[in-house]
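Enquirer: The chain contents come next:
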Amino acid sequence: MQPLDILLANLLSPIVLAFVLGVIASVVRSDLKFPESLYTALSIYLLFAIGLKGGAELSQTPVRVFLGPALVTVALGIITPIIAYNVLRRTKRMDRANAAALAAHYGSVSAVTFIAAQAFGTLNGEPAEGYMPALVALLEVPAIVVALMIAFVRSKRAGSWQAALHEVLAGKSVVLLLGGLVIGLLAGKDGIEPVEPFFVSGFKGALTLFLLEMGMVAARRLRDLRTVGLYLVAFGVLLPIVHGALGVWAGTWAGMSIGGAAVLGAMVSSASYIAAPAAVRIALPEANPTYYLTASLGITFPFNLTLGIPLYFAIARWLAL
Amino acid sequence: MQPLDILLANLLSPIVLAFVLGVIASVVRSDLKFPESLYTALSIYLLFAIGLKGGAELSQTPVRVFLGPALVTVALGIITPIIAYNVLRRTKRMDRANAAALAAHYGSVSAVTFIAAQAFGTLNGEPAEGYMPALVALLEVPAIVVALMIAFVRSKRAGSWQAALHEVLAGKSVVLLLGGLVIGLLAGKDGIEPVEPFFVSGFKGALTLFLLEMGMVAARRLRDLRTVGLYLVAFGVLLPIVHGALGVWAGTWAGMSIGGAAVLGAMVSSASYIAAPAAVRIALPEANPTYYLTASLGITFPFNLTLGIPLYFAIARWLAL
Amino acid sequence: MQPLDILLANLLSPIVLAFVLGVIASVVRSDLKFPESLYTALSIYLLFAIGLKGGAELSQTPVRVFLGPALVTVALGIITPIIAYNVLRRTKRMDRANAAALAAHYGSVSAVTFIAAQAFGTLNGEPAEGYMPALVALLEVPAIVVALMIAFVRSKRAGSWQAALHEVLAGKSVVLLLGGLVIGLLAGKDGIEPVEPFFVSGFKGALTLFLLEMGMVAARRLRDLRTVGLYLVAFGVLLPIVHGALGVWAGTWAGMSIGGAAVLGAMVSSASYIAAPAAVRIALPEANPTYYLTASLGITFPFNLTLGIPLYFAIARWLAL
Amino acid sequence: MSYVTLKLVTIVAERILADRLSEELRELGARGLTITDVTGSGSRGVRASEWEGANVKIESVVSPAVAERIMAHVAEHYFQYYAVIVYAHPVDVVRGDKYV
Amino acid sequence: MSYVTLKLVTIVAERILADRLSEELRELGARGLTITDVTGSGSRGVRASEWEGANVKIESVVSPAVAERIMAHVAEHYFQYYAVIVYAHPVDVVRGDKYV
Amino acid sequence: MSYVTLKLVTIVAERILADRLSEELRELGARGLTITDVTGSGSRGVRASEWEGANVKIESVVSPAVAERIMAHVAEHYFQYYAVIVYAHPVDVVRGDKYV
Ligand SMILES: Nc1ncnc2c1ncn2[C@@H]1O[C@H](COP(=O)(O)O)[C@@H](O)[C@H]1O
Ligand SMILES: Nc1ncnc2c1ncn2[C@@H]1O[C@H](COP(=O)(O)O)[C@@H](O)[C@H]1O
Ligand SMILES: Nc1ncnc2c1ncn2[C@@H]1O[C@H](COP(=O)(O)O)[C@@H](O)[C@H]1O
Ligand code: NA
Ligand code: NA
Ligand code: NA
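Protein sequences appear in the order of chains A, B, C, D, E and F.
Under the numbering used here, the first residue of the first sequence carries the number 144, and numbering increases by one thereafter.
Under the numbering used here, the first residue of the second sequence carries the number 144, and numbering increases by one thereafter.
Under the numbering used here, the first residue of the third sequence carries the number 144, and numbering increases by one thereafter.
Under the numbering used here, the first residue of the fourth sequence carries the number 91, and numbering increases by one thereafter.
Under the numbering used here, the first residue of the fifth sequence carries the number 91, and numbering increases by one thereafter.
Under the numbering used here, the first residue of the sixth sequence carries the number 91, and numbering increases by one thereafter.
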């Protein structure tokens, strides 16, 4: 397929279209509203299912194959928040709290972006490695810790460092993702077979519903665009490209396949909106949630979903030449 | 199969039995209660899934095949509320507001009745055309608009016409049904394959749960039967038969298969209880909800589910002779 | 497989591991929380699905095959609460109300324990009879009635006997289990085929999520262990072993297979936590819920899930020699 | 605008009592009520999930006499064995004669 | 600690009116509001599920003048055709000047 | 029937603060509390979904002194950075000595 065809195929996939439908529903002020518990149920299901599948795959992956990508991922989780923080501070647009808050989000990872990238790879004949969910778990936490460390080292803070650390480590996304991973690892591929119809076959459909809801949320965020200003829009598009390219390159360097490197790129480029916001609200209450929620949900997520993911695949293909 | 066997097969299908179980649960005052968000989640799922499947089918239907049935459906959506309004006014039993309110409900369509009719056809070897969900979307809106126009033209109203129109067009059932349809159309049959286990295989089971809840609601409605009186009971059984026969005949005339014409008949005969009540409550607040909710949910829906659907199939078979 | 391997296989199954994950989530004070409506939705789904499958199987079971196990089950439902009550009263540790409350719980049955036992049997090549869910329905009610009768006969009570009886018979677990059973029976194996992807294939996965929630609840209960004391811990482990052995023996005697007798043992040994608590709270408000909830949810359920079920299978295998 | 000053009685109790309390309130003279699902904690521990039995909050705008009756009724029938709290305060109600 | 005594206005109404009422309250001078999903029963029967249309409770802390306006507005526009109740009582608010 | 007049303190705050506030209230002398999931809007914008962070309403019947302490505590620790409102009013409580 030609690049443009691939882009189009991505834009016409049910998950992207569901996201667009959600945006439209919000724009026309539809009374469509997901009950909060449906959103919560879907996110519990998705996070646990990713972990479970990843763990079962990981149980069949030799340590030596997994080690390189794992180390690279942790390194990226440490470097990217530092990049993000420095960009924001040196351009003198954000005070320390807000810069650290954004750094925590852009260093961590969005599980949904990961899934969308993985699905894109499968559809286009460049599937990622099966152990990728383990990398998601590895990428989620370090960035938040690093970003909060920067914030707390630089000045006395209003929030609590320990409470925030607990919020990340015992947060629902880590518990579900890591818990699912360990269960998949212990149970093995045969062990999870009885639960596959529920967690594997149903996965993409549940994701589609979830993206419908995300579209509505992202659209509500877009209304805050004027408040956050053009600077944050540029930041929310450019930084992911930088991070994404870095991720693809590092993945390729660690010996991952084209699909794997591209998905790693998408992960690195993505901004967290489940684990990071909760931790940041507690550790850095003086940071303005409008900034980090709008940037990660309203700008970076839609960008990655539509244009970013195909871009990272193109970079991966080009690096593999 | 003989007509009576078919009727029996319908009455013993899990969806009808689940409805009956719901009625029983309500009658024995069971503490079984669906959380509101479960009801909402199921209705979001069902409406979106209908649209999605219909859209994917529509993507493979030549325009020339679809055009006739589409025009016929819109025509029925305009004629049936006029019939309903005139019946109610000429028998001098309802004032204008209540007559228009009932007309909006009986002109529009009940998605669940549609699905039940479709399932009935498949089971009995007379499947309806794949593009039927597109007809549901076409049938949903016009009747409500026509009925409200009648009401607003005839006298000054308490409610707001524009607010009601917005309520229908941006209402969740239109957004989900039409949105799903367009997504299915754009993604195509191949495109929706990854989400089929969730939206297609799971569909009938989810519908069964939904009907359990509907049984409980319908039974609560039945307690209001005394208030609404015998007239409305007769109206809620006879008008659907008239509308249903009209629908079957029009479908046959437009060249639809036996299954297609029968399902169209069931759609036309059915009364809305998602889109219409919301719009009517806003546009015609002086109309009594007890009338239109009891008639559509407590009388017409159970009638169609048990006896109406087999009847429309019988008519379709007879017309096809 | 050797006994120890079997035990290990059980401990490493996704459902047991999910339970453990729930316990861990609660212990580390994770913010993971199932919305109440998710818990309710899952329990509605599981109970109805058990009934449905059981009914469809029962429709193919000759009465003569089913009669023996059915009678044995009802007998166990009458005997076990009497055993439990006498143990508690003669050891002089519980007053009448609390003893009767616990008797109601330990005479009745836990649907989840039943499912876990059934799954264990299937995995280990010793599947139980298909009609087992009908036995669950038969075992659920008698014990509660017997236990409350004991309480009301022995002294004047604060609660209402009739209200409690209604609470059991029209309670959601009976309505869903029995309702599903009758629907499955009437619709037959062919009839439920269209809903199988939803109710059968998805079952084990949904159960896994449910056990995650149960792990969190059980862990909260464990915090009350100090209050209830060592006596209740011993009671919650030893009585199930006695009841379980009795159940296995009776099942074998009634001609059931190894798997069937073992699952019956697990059912008999298990303590109710859906039907019984509701009825007991109404009939015996002076009984302390901390006792019966902690014993059934915090002690007996985890014991059976991890060690009890393999034990009952071992007993069944030994009896079949 | 003319108001009537009535009493808003609030009962927080185990959810299992919701239907029974609603009916009894009506018998005691309440013309309407508003029900909210809540969780809570008090002398009988945490009540925060369906397992433990969550709570329900029942609010009713009634005449002072009916308020008195309701509070006495709840105290007499439910305080001993059930998790429950009941309190009242005056509110200004529009169209207040509807509720007495 | 210094308090301001303001009015807490409570409206319980059909859920379909939630957005419209919120907007109107803001126009009438409310600076904030808190919304709860509730069910209920009253002169217009039981309102306890999405089918029947459940209720919503809207609470707003406002100045006495705004409270007066809100109650008059609700009475005038919604009493005739909709299921609705509205009442108010004084509350002591910290940082109260924020809400007037 | 004998009542005690106590204070009902109401806090509406970001849901993320729910556990922390509950604990602090207990430390400040509250013997029980009732929690409701709510949404809302105010000076910090709309708070109506888990994404934006919805709100929680915490109500506690306490003695006037404890009410004073709670309101001061919330004002001091949460007003600056968090979405929160707190207010109180007197209520007549049956069996009121249980709550002081
Ligand atoms: N002081 C209080 N303030 C507010 N709500 C309370 C208070 N005490 C108890 N409650 C509520 O009433 C329920 C029953 O209280 P209790 O019987 O003390 O366990 C609790 O679960 C709370 O929801
Ligand atoms: N006396 C009352 N006390 C508390 N809430 C009430 C009362 N009357 C009505 N309500 C609430 O207001 C809604 C509309 O009342 P109505 O218009 O009388 O049907 C009801 O569904 C209840 O939620
Ligand atoms: N005037 C008000 N009346 C009622 N609730 C309010 C009011 N102002 C704020 N709130 C509630 O308190 C939360 C936080 O308020 P704020 O800090 O002003 O954003 C809001 O989301 C509302 O739920
Ligand atoms: Na990132
Ligand atoms: Na119709
Ligand atoms: Na038992």
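It should be emphasised that the hints constitute simulated quantities derived from the structure, not laboratory data.
Check the hints yourself; a few may be wrong.
Listed below are the simulated EDC-like cross-link pairs for lysine to aspartate or glutamate, each with C-alpha atoms no more than 20 Å apart in a straight line [unchecked claim]: (1) A:Lys-176 - C:Glu-269; (2) E:Lys-188 - E:Glu-158; (3) C:Lys-176 - F:Glu-113; (4) F:Lys-188 - F:Glu-113; (5) A:Lys-176 - E:Glu-158.
Enquirer: Run every hint past the structure and note whether it holds.
Expert: Hints and how they fare:
Using a Cα cut-off of 20 Å, the hinted pair A:Lys-176 and C:Glu-269 is violated, with the two alpha carbons roughly 47 Å apart. Simply put, E:Lys-188 and E:Glu-158 have alpha-carbon atoms about 19 Å apart, close enough for the 20 Å limit, and the pair holds. As the CA atoms of C:Lys-176 and F:Glu-113 are separated by approximately 18 Å, the hinted pair is consistent with the 20 Å bound. Between the alpha carbons of F:Lys-188 and F:Glu-113 the distance comes to roughly 19 Å, so the proposed pair stays at or under 20 Å and holds.
Annotation: proposed proximity of A:Lys-176 to E:Glu-158 is violated, straight-line Cα distance about 32 Å (limit 20 Å).
Violated hints, in rising order: 1, 5; the structure is consistent with all others.
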